[in-house]
Amino acid sequence: MKDVSKRDRTARERARQIVAAQKRAQERRKRLLMAAGAVGLVLVVFVVLIVVKVSGGGPSKTAAPAVSDSASVAAVVQRVTTVPPDVLDKIGAGKVDQLPKVITGQPRLAVNGKPLVLYFGAEYCPFCAAQRWPMVIALSRFGTFTGLKVTHSAADDSYPNTPTLSFHGATYTSDYLVFQGVETTTNLRQGNGYEPLDQPTADQQALVAKYDAPPYVDSESAGTIPFVDFANKAVQSGSSYGPPTLAGMTPQQVADALSDPTDSVAQAIDGTANAITALLCQITGNQPGNVCSGAAVKAYAGKFNGVSPN
Amino acid sequence: MVSVRTKPVAVPAWLPIVSLALAVAGLLVAGYLTIEHFTASTTLACPETGVVNCTKVTTSEQSKVLGIPVAVLGLVFFVPMVIACLPRLWRDQRPAVRYGRLGLAGLGVVFVFYLVYAELFVIDAICLWCTAVHVLTVALFAVIAFGSALASPPR
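Just so you know, the sequences run in chain order A and B. Once you know that position 82 of the first sequence is 99 in the working numbering, the rest is easy, because the numbers rise by one and skip nothing. Once you know that position 43 of the second sequence is 48 in the working numbering, the rest is easy, because the numbers rise by one and skip nothing.
Keep in mind that the hints were calculated from the coordinates and are not lab data. Keep in mind that a hint or two might mislead.
Unchecked claim - For lysine-lysine, the following DSS-like pairs were computed, each having C-alpha atoms within a straight-line distance of at most 30 Å:
| id | chain 1 | residue 1 | chain 2 | residue 2 |
| --- | --- | --- | --- | --- |
| 1 | B | K69 | A | K47 |
| 2 | A | K70 | A | K107 |
| 3 | A | K320 | A | K118 |
| 4 | B | K69 | A | K131 |
| 5 | A | K40 | A | K320 |
| 6 | A | K315 | A | K70 |
Said to hold, decoys possible - Covered stretches of chain A, as calculated for chain B (at least 3 residues, CB under 8 Å):
| id | segment |
| --- | --- |
| 7 | 43–51 |
| 8 | 140–151 |
| 9 | 238–244 |
| 10 | 251–260 |
Predicted model, so just to flag it, every value in this text is computed and none were measured. Even glycine gets a Cβ: it sits at the ideal position worked out from N, Cα and C.
My request is simple: use the sequences and hints to build the entire structure.
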């Protein structure tokens, strides 16, 4: 009798253990299913976001009004291309974050015997917008621009609507230099990028591929714009000062500020122009003399050692 | 005085290793983005393509929440996450630890939803470093969700 009751107890205990184990396994399955459901839900949300985006969702494209009034454009261009030399002399080194980097051992870049300066950028890019002002000021001391346009960086990019000029369609003549400006896109959206504009030549593409890359520029800047090749004597990837300097300004306000040596905008733009001028003087063999002997250029004496005209 | 000895939770061997590795990776990337934010060492240049554009993302209005840089919030998220993914805490069966870790991971995913939405539909650009943090956060959530299911103590 005792044996029977002991066997019953053991059987009941085993049955309880089996039921408990089944219950645990069931709970574990339930927890795993819940985990899989949660992870699946997360993935579904991402898929929905991506599908909606790819099928055309996104911010509406807006663009700030471009300066199209020909009198205003002419006034801005006039002020930028004729910044008084005494203002540039007073500015001296100004306030510049990044200078062109001297490179050595490369064949001199020239067209018809004149050193070539290649600018490679895009109208959407706010850093290109910042860099064009000093480029125009400096180059205008060695030659003459025609056809410069007044515009702004993209309205939907970082530092939106940074006021600027554009090299697209502009021509430059000089006794000392050749300048080529390539603007690869406009500032207007097209698909995931911006509307294409200038098609670089094979030679220009080869120069950018070679020199907008290490060891000529640091790896962080490789392939970025604006990129400027100063006759293969120096290169610059990126702007010399930040676009926030020009935040909220109209092209007219920027142009007006350039003639005030105390203005922070002039310190950045004119200071950069003086640096570029000093570099170009090294490349042209200090021609023209009246530009290359000025205090503006002397402020950068020694910064571009090793750069020679040949 | 009565003391109850509880058995430690049986944790799959891969769980602490994988979760900790993801959390540490997230902490490192978030740390990098935070340093970049405060040292302003971003390159003064644009990428040649418009879609992948870290500067546009990190200088957008959405790069801060209540005035706090998102990069810092990422760091604030991953520091406790690294601690919560330590092997010792995976073996800890206290509900506060288990649900706290799972809740934190879930909170991270919800925030990633917002950030991805902002990148795709408001900023219209993607930052690859930010995307790396997003992927790590979601992967961490998946590992913690399955890990919590596997490592839950029997009732």
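Against the structure, the hints come out as follows:
no., hint, in the structure
1, K69(B) / K47(A), "violated (39 Å)"
2, K70(A) / K107(A), "violated (52 Å)"
3, K320(A) / K118(A), "holds (9 Å)"
4, K69(B) / K131(A), "violated (50 Å)"
5, K40(A) / K320(A), "violated (79 Å)"
6, K315(A) / K70(A), "violated (54 Å)"
7, 43–51, "holds (count 5)"
8, 140–151, "holds (count 6)"
9, 238–244, "holds (count 5)"
10, 251–260, "holds (count 6)"
The structure fails to meet hints 1, 2, 4, 5, 6 from the earlier list, while all remaining hints are met.
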